[in-house]
Structures are given as C-alpha cells and as structure tokens.
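Chemist: Line by line, the protein sequences are chains A and B. Just so you know, we're using the working numbering here: the first sequence kicks off at 3 and counts up by one. Just so you know, we're using the working numbering here: the second sequence kicks off at 234 and counts up by one.
Check the hints yourself; a few may be wrong.
Stated by the list, open to error - Incomplete in silico selection of chain B near chain A, CB under 7 Å:
id, residue
1, D356
2, G456
3, G480
4, V484
5, Q487
6, R488
7, P588
8, E589
9, A655
10, G656
11, N702
12, S749
13, Q751
These are computed hints drawn from the structure, not numbers from a lab. Bear in mind the structure is a predicted one, so any value in this text is a computation, not a measurement. Where is the CB? At the ideal position from N, CA and C, for every residue including glycine.
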Amino acid sequence: MFRYLLGKLAVLIPTFFGITIVAFGFVRVLPGDPIMLMAGERGLTPERHAQLMAQYGFDRPLWQQYLSYLGDLFQGDLGTSLVTHRPVAEDFLTFFPATMELGLCTMILAICIGLPLGVLAAVKRGSWFEQISMSAALVGYSMPIFWWGLLMIILFSGTLGWTPVSGRISLMYYFPQVTGFMLIDSLLSGQAGAFRSAVLHLILPSVVLATIPAAVIARQSRSAMLEVLSEDFVRTAKAKGLGPALVVGRHALRNALIPVVTVIGLQVGSLMAGAILTETIFSWPGIGKWIVDSISKRDYPVVQGGLLVIAAVVMIVNLIVDLLYAVINPRIRHG
Amino acid sequence: MNKFAYLCGAAALALSAPAAQAQVLTVCLEGAPETFNPELTSNGTTAYVLGQIYDGLVSVERGGSEIEPALAESWEVSEDGLTYTFALRQGVAWQSNDSFTPSRPFNADDVVFTFHRMMDSEDPFYEVSGGNYPTFNAKLADNLASVEKVDDYTVAFTLTKPMAAFIGTMAHGSLGVTSAEYAQAMMDAGTPEQLDLAPIGTGPFQLQAYQTDAMVRLLPFAGTWGAEMGDDLRTPMVDAVVMAISGDATVRLQRALAGECLIGLYPNLADKETIEASDTVEAVQTPVPSTGMLHFNFAEEPFQDQRVRQALAQAIDMENFVEVIYSGMGHLTGAVVPPALWGTASDIGPWEYDPEEAKRLLAEAGYEDGFETEVWAIPVSRPYMPNGRRAAEIIQADWAEVGVDVSIVTYEWAEYIQRARAGEAKVGMFGGIYDFPDPSQIPNNYLTCQPDGSTAPSNIGDWCDDRFNEVMTEAGSITDQDERIALYHEAQQIVHDEVPVIVLGGADTITAVNTSVQGYVPAVFGSSRLSGVTVE
C-alpha cells in the first residue's frame, strides 16, 4: 500500500510543475493587460502605460517573471492582487470555505439522490421507475446551470417565497467569521435564527449545483450495477437463498462502487466549473466567481495563484479517490 | 461540559426565530469594492461604497450637477487661471478604528498628503499599493504642478496650464481626502497598506466589516461634519448600512422584490415593467450622463470621405434604434455632450433617416455598389450601450439596405479595448460615462488629437481635426461658462457635420427602491449618498 501511495505521489510532482506553467502562461497569453483594463474606456497615455507596466515588472521577459513567481511560490507567497491589493493566499482562505461548504453539501445531496436512483433503476430494470428516473437523469445532465438557477430562484424565491434569493445568510445577521463555514459560524454566533437562515440560503444553490453530478452518478451507478448483477457471484448469492436487499447491498453494490467512486472523484473537478455559474447566480462568495472575475480583470497573481491551488485540491481529491479504490478493491493495490 | 452547554444554548438560539431588528438600510450592489482607498481605482461600484466613507474638497450636489463645497468651504482662482486656493472647513473629525484614534481634526496636511502620494513617486506611500492612481493619472497627473499648504486651513493647487474643468475634476470620488496622521501611524506600525484596506474618512458612515465579495457593513459616524453643522442630507439616519454583492442583474432584482435589499442597483432596463407591477418596490429613473458612439476608422479608405460617413449616418433609423436598444429610456440626440449635462447642443439631432439620400451620397463618393466592412460590438453592458450585439445587428440590417455589407465582430472586453485602441476596428462602438459635471471629458478623451497627430487614448478611429482641437483647447482654458457653452456647441456642430462618429445616444438608468425607503436620490454624477436616507 505504501509503495502504491509513493507511486501516486511521484506522478503528482511533475503534474504540479506543469500546472504552474499553465497557470502562469494562461492568463498572459490573453490579449489585454491589467493596467489598460483598470483605465477602462478612459484610457491612458502610452508613456504612463509603459511606466506602470515597468513599475509592476510586466515589461520583463516572461521567463524572468515566471522564475520570480516560482521563487515566491517556494517561499509560500502566492502574491498580492493587482486590483484589491490583498494577499492572494488570504483571499483564497476567505473564499475556499464558502466553496467547500457548498461543494460538500452538493456532493452529499448528489450522492444521496444519484446513487439510490441508479441502483434502484438497475434492480428494477425495464420498469416505469427506470424509464422515469433515467429520463430525469438525462434532463438533469443536459440542464444549462445558469438558466436552471434563475428558474429555481424565480419559482421558489420569487413566486412561492419559500427560500431566500441569494447570499449565504440574511443581511440582518452580522457576526465575525470563525471557520468561514456559515453553518458552523451561525451556530457559534448564538444569534437567534442565524443557523436556520444559513440552512435556507444553502438549499437552492446546492440543489442547482447537484443537478448534474446527481444525474451523472445515477447513470453511472445504474450501468455499473447492471453489469455486476449479471455476474456469477451474484447468481450464486441468490442461489444461496439470500434476500434481494442482502444481494444488492452486500454483494453487488460494493463491486459496482469502483466506477461510481471514480465518477464522484471526477465530479469534484466539474463541480468547480459548475460553481463558477452557481456562485454568480446565488451571489455566493466562492472560488469560482473569484477566479472568473480576476481573469476578466487580468489580475495575474490571483489567476495564477487561484488556479494553482484549485488544481492542487483537485489533484489531492483524485489521490484520495485512487486510495479509496485500493480500500474498496484490494486487488488494485497489488496490481 | 460547560463548552457543550454553551454550544447547546447557542444552537438553540440560532435555530429559533429572528429577533427584533434595528433600522438597517440594505443595498444590493453589482460588484465588490476593489479597494478601500478611492485613489486606487476608478471603478464605479467602489466609488459608491467609498463615497459614504470619504469626502473630497468639493462634491456634486445631491441628485444634480452643480458643484458644492465639501471639505473646502470656498475657493479662489488666480487671474492666470493657474492657481486654485481652497479655504478648508474647520473642526472636521476623522473616523477611528481598532488601530487608530485621531488626535487632531482634518487640516491642510491631509490634503497635501493625499495629493503628494499620487503625484510624487518618491513619496513613501506612492508604491504601497502598486502606485497606480487611475483617475489622478488620467485627469490631473500631467497638469498638476504642486499642492502647497498655505496655512493649517488653506491649500493652493498650481497647474501647469489653465484647466477649466479643474473644480469639476476635484469633485470626482477618487480624489477623496485621506488622513495624513493615520498614514503615519500605519507606517510607524510597519503596516502602511492598512491605509488602503481599513478606511478612515470624514464621511457619514464608517466601515464595520467587509466580507470579501459578499457584504460590506457600514455604521453611522455620529461625529461627521455634516451632522455637526446640522445638514440632514449629510447626516446618517439609519443604524447600519449593509451592502450585499450580487453580480447578476436578474438576481439583484429578485432580491429587491423579495425585500432582501431595500435598494437594488442597476436592474436590467427591460425589467422596468416588472418593478412597476410590484407593490413594494419603485423604479426610480435617473439620467446618466453618457455617450455611446460608432467610430469610423480613418485608416480605412471609404471612411476618409465625409459623404460616406454621412451616408452611413443617414442609413440608420435612429428612432427605432434608440427605442429598441435603450428599452424606451434612451435619448435621441446627435450631440456628443449628453442631455443630462450643461453644454449639450440640444438643437443638434441625429442625421435624418433617409436611405435614398444615403445611396445617392455613396454613389457620389464612388461606392454605388456599396462595400464590405465590419462593425465591432462591445461585449459588456454599459449605460451608453446596454446591448452591443443587438445594436450591431440593427446597424447591419440598416446598412444592408444601402448596399453596405457588415460583418459583426466582437471580443472579450480586455481584448476589445486593446484591439480597438490599436486601430483594428473598422467601425467600432465605444463610449463613456462622465465622471464629473464638465462637458469637456468625452469630447477630449474620444475625439481630440495632439499637434503631432497622436490621438487621445479613446479616439479609436484616429480622427484628427484642427478646428475641433482648437475649439476644445480654448473651451478648456477659460472659466466663463457662457463662453464655454458656445465653444462646446461649435465643437459638437463640427462633430455632427464631419461625422467622425455616429452618436448612438445614451439611456437613463433605473434603481429598484423599496417603498419603505425615504430620501434616496440616485446620483447623476459620482456616488449616491446614503446619508439623509431613512427606512420606515
């Protein structure tokens, strides 16, 4: 198991360097620069533009800029935003819990909906339940998030008034951030109704963001289950006289989980992509919205720092998934 | 066990119903403040937030365009128009925070410090937050020779050449005064950047907390000079202001309709009817001094001929264009200076829509079979152009009628600006919003050129007209308003006749304001004030 882990870690190091180059290069190949964007339509004289570019060091050759970025990185310095003048690492730590909270709730919701739906659809193959649930999954998978989010807001917040429109908590509450997780901080605040407000604010964005992952998990778990249910060992289990719940729960599901866990791991990456839209619609101050805003402002340090840390998170999640395989199926680590 | 009991108690409270609430004014903003020092940005949203915290030497009257005294009580201009001497208000208190308590009121040292930081690269604060002061750089840097303290309450600004728009420029929110004493205290503490992150101003509200990209919370500053002198419009009247950051216009409107925010900024113009149908929210309409233009590129052969430019202006059904693009809230005008501002040439309308005349002019210029060109559509929504793509499509259809075949081109905003400035747009949309009430800003930035032929930063078509430049220079160097109005009229007539640009118009903006809010008047220039506003 240790060698398996070492092997996985060895791949991570060159990947990490690759990401630093991509993160650094990506924002710089885009036309336009931060100084010009700050001036906007008003513009700047070419002389002053050149002076400011030199002041920020953007006139140096790219390789020099990259090396100094790498040097700072090894000292744990992600840089300072050109727009807000706050350290990138500090901002990241502010935004990350918001995305993490939304992401966790979303994944729990997606698994709780997708997995039983997929398993039941496989067990009840050919039934109306399979037809309906898989059609729903296809619709969920194809749903444009932005449109879906606005529709949910207009229906549940605007028309029915059941949930708040957006934000993480009602504007009437104010308490200092302790953990950055609103559910925990609202509980710690001791303010009347704060936790309830935080939960209500989490419902719509989680449902919207969970739509695609839930659909993907449902479809994947159905096909994995169908495959496993036709295996000999399942027939043997049935022949032994085990009840359907035991056959599915103890024998089939565990074997069907490997591809499902892979898909769940991959969904963490696409969750980040979905979070960009969800965070914008629901005014959720998270990582996705932060990076997109920074790209449009050509805020180089934020884009390269933020992308790097997000990539690192996705890499770690995938490493955990790889390790989980080994736990679920011991044959993998010996393979 | 004690900790457990505390947590249980806290949880029980947190799960229960909300408690009675103080009078809180909630505002939904379209973006987050970029910084907490106005000098460092020219971003409108940031100006809205910081306008509640800082004051400048002068300000624009509430909801109007007249300049009125703020931290300066009065000012004088020297005979040669080069020196402006400001008499400062006395007894103006600074705000305080956890790391700073002021020992003295506002005085001339603060004004000198504020401007010295932006104009002198040797100043210890010059590079603290990057050294980029967008408004100062664009408006004053090339013309401000010195800022001197005459005595504790008198400051003299000396210019290198007369600048009629100087007082108007000083009303810009980015030129708010910062505290020299606070700056020194932060420098001594080894945290100079705190000057720009934890604001200390003289305005009616002070920062309580900023949750990045989520919320700004302001508390009333009871000692603000407006309250001390009994000016209700400069006195905070609510217990707190909470500004929620909500980027999407549809969501902002839903929040306003649901009562989550009492003031919702910049809903889509097309949603006006939805607001009007609501019992709890009103659509407050405010003129925006902005001008949208279609610039002809003078490097392109057809556009060097005035007849072609005029023909293309006459080929657009501008009445229909303005109605569709500005959702019925636009102004049909041919004047570069918008109707919301003094100096506008109200008698100059758009070129008369006449496709037959357009065809005749094109034929006369040798383009009887038309030609191919591009129209660049701005990719962002601006008051002067809410929907660039749709606007380009209308122009495409209108010009097709006279034989001109248009391809629509657009880029992401940063790329658009860069390429348009590099002269790549054959016909490009560009425009701007006036930052201060002086008509010189947009004609100067978008249409003038230097004697050496180099054009102003936003003159993307590279038009250069000697008479126009002379008139603009003269109008910018005299202070008599009537004479200036006459000169700006002449300048606008030249633009109309020469057609270097087609003026597309501009629109009013709307704000969704809850009926429980009293006294909120959206600003035409600069930032709207939340002082003097009450919640019933």
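Chemist: Next, verify each hint and record whether it holds.
Modeler: Each hint tested on the structure:
1. D356: Violated. Min distance 14 Å.
2. G456: This interface hint is violated because 22 Å lies over the 7 Å limit.
3. G480: Hint holds; B/G480 Cβ to chain A Cβ min 5 Å, cut 7 Å.
4. V484: holds, 5 Å
5. Q487: holds, 5 Å
6. R488: holds, 5 Å
7. P588: violated, 31 Å
8. E589: violated, 35 Å
9. A655: violated, 10 Å
10. G656: violated, 13 Å
11. N702: This hint is violated: B/N702 lies away from chain A, its Cβ roughly 16 Å from the closest one there, beyond 7 Å.
12. S749: Given a least distance of 14 Å, the restraint on B/S749 is violated.
13. Q751: violated, 19 Å
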